Amino acid sequence: MNRIIKTDGTELCLVDKARYIKRSDYGVFVEAERKDAIGVAVKGVVYNLLGHDEIAGADTVLVSDASTADELTAQRADLAEQKNVAAITFVSLAEKGDIDEVTATEHADLFESWVTDKGYAVGKILTRPNSNLYKCVQAHRSQAGWEPENTPALWTKIGDPSEEYPAWSQPLGAHDAYPLGAKVSHNGKKWTSDVANNVWEPGVYGWSEVVE
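Per the numbering used here, the sequence shown starts with residue 1, numbered consecutively.
Worth double-checking, as some hints may not be accurate.
Said to hold, decoys possible - Computed list of lysine to any residue pairs in SDA-like fashion (alpha-carbon distance at most 20 Å, straight line): (1) Lys-124 x Gly-145; (2) Lys-96 x Ala-58; (3) Lys-17 x Ala-32; (4) Lys-157 x Ala-144; (5) Lys-43 x Asp-25; (6) Lys-43 x Ala-58; (7) Lys-43 x Ile-99; (8) Lys-35 x Asp-16; (9) Lys-22 x Ile-5; (10) Lys-43 x Asn-2; (11) Lys-124 x Tyr-165; (12) Lys-43 x Val-30.
Because the hints were derived from the structure by calculation, they are not lab data.
Just so we're clear, the structure is a prediction, and the values are computed from it rather than from any experiment.
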């Protein structure tokens, strides 16, 4: 392994083997042995080697051998980055509905925890105690007392079929009114909201009974 370092101390990267270059008789860059090289190519960018300035406008770097410890550190960092990217991708797909809810709950640790004083958009999925996942069904800004498990008009528990129709709770105002299409259970029946900003009790107005 070789470490590529700029003269200001900035580490560019670790590579399996530095790709040394020189100019051919025709003026183009070709690969070279270390003793003949004037520069090094890294990810399609050319740099002068320390002690050379033949490549106009290019930064200068030095090449050093990386120890086994450095190599392991680099590999671990790369693996951590890959896992991070995979986690972000998984969450994004789950929020788009491309990953089923049961599978999402099997990886609850990948999702953010609910916090107060934060804006949440429809479709956002968060984790709560005991790895329960909740999906936002109405955009809002969180505050104390509006925890997902306490505000079915704002959040719906996912990954558990029995929670597809959470118990109806009387909204206190516009902030927790039920959106169009919301699903609830009430008086032993299942209902869907026919209107937006629904504050009515199911069976009174604004709801259709779901007959299975």
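We went through each hint and held it up to the structure:
Only pairs whose Cα atoms come within 20 Å are accepted, and Lys-124 paired with Gly-145 is accepted, the gap being roughly 19 Å. Taking the CA atoms of Lys-96 and Ala-58, the gap is near 44 Å; set against the 20 Å cutoff, the hint is violated. At most 20 Å may separate the alpha-carbon atoms for a hinted pair to count; Lys-17 and Ala-32 meet this at roughly 13 Å. As the CA atoms of Lys-157 and Ala-144 are separated by approximately 19 Å, the hinted pair is consistent with the 20 Å bound.
Straight-line distance between C-alpha atoms of Lys-43 and Asp-25 comes to about 24 Å, which puts the hinted pair past the 20 Å bound. Only pairs whose Cα atoms come within 20 Å are accepted, and Lys-43 paired with Ala-58 is accepted, the gap being roughly 14 Å. With a CA separation close to 35 Å, the supplied pair Lys-43 and Ile-99 exceeds the 20 Å bound. Between the alpha carbons of Lys-35 and Asp-16 the distance comes to roughly 19 Å, so the proposed pair stays at or under 20 Å and holds.
A hinted pair counts as satisfied when its Cα atoms are at most 20 Å apart, and Lys-22 with Ile-5 qualifies at roughly 19 Å. For the proposed pair Lys-43 and Asn-2, the alpha carbon gap of about 14 Å is at most 20 Å, so the pair holds. Using a Cα cut-off of 20 Å, the hinted pair Lys-124 and Tyr-165 holds, with the two alpha carbons roughly 18 Å apart. The straight-line distance between the Cα atoms of Lys-43 and Val-30 is roughly 15 Å, inside the 20 Å bound, and the hint therefore holds.
Comparing the model with each earlier hint shows violations of hints 2, 5 and 7; every other hint is respected.
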